[in-house]
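Trainee: So the chains spell out like this:
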Amino acid sequence: MYEKDGEQYFVFDSHLHFWDASPANWVKGQEEYAKGWIECFHAYMGLGPAETHWTLEHFQKYSVEDFGSDVFEKGHVDQAVFQSTYLKDWYTEGFNDIEHNAALLDEFSGKLRVNGRWDPRDGEAGLQQLEADHAKYGIQGVKLYTAEWKGASRGWKLTDPEAVPFLEKCVELGIKNIHVHKGPTIWPLDKDAFDVSDIDHVATDFQELNFIVEHVGLPRIEDFCFMATQEPNVYAGLAVVVGGLMHARPRFFAKVMGELLFWVGEDKMLFGSDYAIWEPKWQVEGLVDWDYPAGDEFSDYPRWTTAAKKKVLGLNAAKLYAVDVPHELRLPSENGTPGARDDAQLVEGAT
Amino acid sequence: MNLEDRVLAALDTVYDPELDEPITALGFIGACTVSPRGEVAVRLRLPTPQCAPNFAYLMAADARAAVLSVAQVTRVSIVLEDHYTGAEINAALARGGDFAEAFPGETEGSLDALRELFQRKALVARQARVCQALLGAGVTPDAIAALRVADLAPGPDATRCVELRGELGLPQGADDAALVAGDGSPLSAEDLPTWLRRARLVSLSLETNGGLCRSLLHVRYGCPDQQEVAA
Numbered sequence: 001m002y003e004k005d006g007e008q009y010f011v012f013d014s015h016l017h018f019w020d021a022s023p024a025n026w027v028k029g030q031e032e033y034a035k036g037w038i039e040c041f042h043a044y045m046g047l048g049p050a051e052t053h054w055t056l057e058h059f060q061k062y063s064v065e066d067f068g069s070d071v072f073e074k075g076h077v078d079q080a081v082f083q084s085t086y087l088k089d090w091y092t093e094g095f096n097d098i099e100h101n102a103a104l105l106d107e108f109s110g111k112l113r114v115n116g117r118w119d120p121r122d123g124e125a126g127l128q129q130l131e132a133d134h135a136k137y138g139i140q141g142v143k144l145y146t147a148e149w150k151g152a153s154r155g156w157k158l159t160d161p162e163a164v165p166f167l168e169k170c171v172e173l174g175i176k177n178i179h180v181h182k183g184p185t186i187w188p189l190d191k192d193a194f195d196v197s198d199i200d201h202v203a204t205d206f207q208e209l210n211f212i213v214e215h216v217g218l219p220r221i222e223d224f225c226f227m228a229t230q231e232p233n234v235y236a237g238l239a240v241v242v243g244g245l246m247h248a249r250p251r252f253f254a255k256v257m258g259e260l261l262f263w264v265g266e267d268k269m270l271f272g273s274d275y276a277i278w279e280p281k282w283q284v285e286g287l288v289d290w291d292y293p294a295g296d297e298f299s300d301y302p303r304w305t306t307a308a309k310k311k312v313l314g315l316n317a318a319k320l321y322a323v324d325v326p327h328e329l330r331l332p333s334e335n336g337t338p339g340a341r342d343d344a345q346l347v348e349g350a351t
Numbered sequence: 352m353n354l355e356d357r358v359l360a361a362l363d364t365v366y367d368p369e370l371d372e373p374i375t376a377l378g379f380i381g382a383c384t385v386s387p388r389g390e391v392a393v394r395l396r397l398p399t400p401q402c403a404p405n406f407a408y409l410m411a412a413d414a415r416a417a418v419l420s421v422a423q424v425t426r427v428s429i430v431l432e433d434h435y436t437g438a439e440i441n442a443a444l445a446r447g448g449d450f451a452e453a454f455p456g457e458t459e460g461s462l463d464a465l466r467e468l469f470q471r472k473a474l475v476a477r478q479a480r481v482c483q484a485l486l487g488a489g490v491t492p493d494a495i496a497a498l499r500v501a502d503l504a505p506g507p508d509a510t511r512c513v514e515l516r517g518e519l520g521l522p523q524g525a526d527d528a529a530l531v532a533g534d535g536s537p538l539s540a541e542d543l544p545t546w547l548r549r550a551r552l553v554s555l556s557l558e559t560n561g562g563l564c565r566s567l568l569h570v571r572y573g574c575p576d577q578q579e580v581a582a
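Protein sequence lines, in the order shown, are assigned to chains A and B. The first sequence maps to residues 1 to 351 in our numbering. The second sequence maps to residues 352 to 582 in our numbering.
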């Protein structure tokens, strides 16, 4: 919980990792990719405030104690969900697979949950693994990397026929939250890798599921927004938006937030720190303090009200993951008109 | 102009197809050397080792073609540095091969469709900036819809709009409409507000992407963090 100026914010971090990218975990013959991947992530850390940067060595492998301290003690996070990232072609034990992640569940009991994954290219064995992961960990969501390499394949799409049984299995098991990462190197290489049109299709076909587009489709925000505005079950995962832009490119951050609030809306945006790329502390505090810069160019965007902050920082994700939020941290009228109180303040401020 | 200046001027005409900005302004030219015999060596550097190979290839190939077109240039070597597909791309470029040859079996044809997709985005983004500036100057939507290409105040956005329309095969004559929809038809005053709302987002998307690229290039190479022109 984070408290500022008499307001209390429930914080749900919908996107964070506990990885091991140290050289000991690099697959023989794939060192170049394993090294390149983590160094690329480390460069992104450079977009945050200088005092939050880590050494590459620390970034490659951090401890359980670091995690607990950075996230729950200093980071204001009440609840978090691990997004499992396998990348087993590059990392022997996986970058952060479900078993590795689940080992921390007992340590942070009641605060942490883990999401699984699937890959349509695994076929029947993958479906069985998904069932087993669900039975063992009670997963409520999965993280999908459509760009993940597998043998000769450089990626896949949600609209591939092979993906349908997996989406159906999610519906059957009640795994409702489908987090999708869009990233480079999807096969074939001559197409744009960040294309979100496959999500458009499956969101319509599987309305029982929630599709959280991580990183809001960056760097194709426009395609994401035009799609999300039409699909009630598509959500914006703010990981990278906050960490990558709020400090490094504040004017772009303001416009991106304004556009997301306009097209997607404050009810469908989810905070995610993307720890350990960036620590949650400065992001949570920054979001609560943040407002548009002065200037006409920001005047027609929806306002960043206290209610909006509370929803985006935690209440929206709490709903998706059925977390019981302490009564005092909910909005004054959860079932009524959430914006009413802030609107009243705005009117007072204007007079 | 001496040869080196002419080579640099040629590189100024090479755009990052995804960002619609010159690769020189983006800081992607790590080094450019010109020998007295007209041999040119260009080193390209990108914001991350995993930047999309398709765009990386286009920039490298376009840079090669641009430099080769300069009079007195006898030989060109373009090397993409520190990239996970650098070896494949550099080998294909050195052989004068195309993208499909650089990645056998991993493509389904040329990069023309990809380039066109982003030329269309770029045109929308540039027109949004032109339109925004006109509205800011007090020009009414009716007057904007009536504007011809020849009426546009000269500037980088207006010039680039005409270039892009030419590349896309859209009408671009002096008497053609100043602002057009994706199919080349003129935008009406009624369509303008809705069109602009969407077009502004396309513009922001490209600019934000460019901002991230500049920030990452700065982190990676320690070069000065060049602020974007827009925003």
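Treat the hints with care, as some may be off.
Computed Cβ-Cβ distance ranges for the label pairs, DEER-style [as the list claims (entries may be wrong)]: (1) A:Pro250 <-> B:Pro505: 23 to 33 Å; (2) B:Pro455 <-> A:Glu285: 49 to 59 Å; (3) B:Pro455 <-> A:Glu7: 53 to 63 Å; (4) A:Asp106 <-> B:Asp542: 28 to 38 Å.
Everything labelled a hint here was simulated from the structure, so no lab data went into it. C-beta: ideal position from N, C-alpha, C; glycine also.
Trainee: Compare the structure with each hint and give your call.
Mentor: A quick look at each hint next to the structure:
1. A:Pro250 <-> B:Pro505: 23 to 33 Å: Distance hint for A:Pro250, B:Pro505 holds at roughly 31 Å.
2. B:Pro455 <-> A:Glu285: 49 to 59 Å: At roughly 51 Å between Cβ atoms, A:Glu285 and B:Pro455 fall inside 49 to 59 Å, so the hint holds.
3. B:Pro455 <-> A:Glu7: 53 to 63 Å: Because 59 Å falls inside the window, the suggested range holds.
4. A:Asp106 <-> B:Asp542: 28 to 38 Å: Given range 28 to 38 Å: violated, Cβ gap about 59 Å.
When the structure is compared with the earlier hints, a violation turns up for hint 4 alone.
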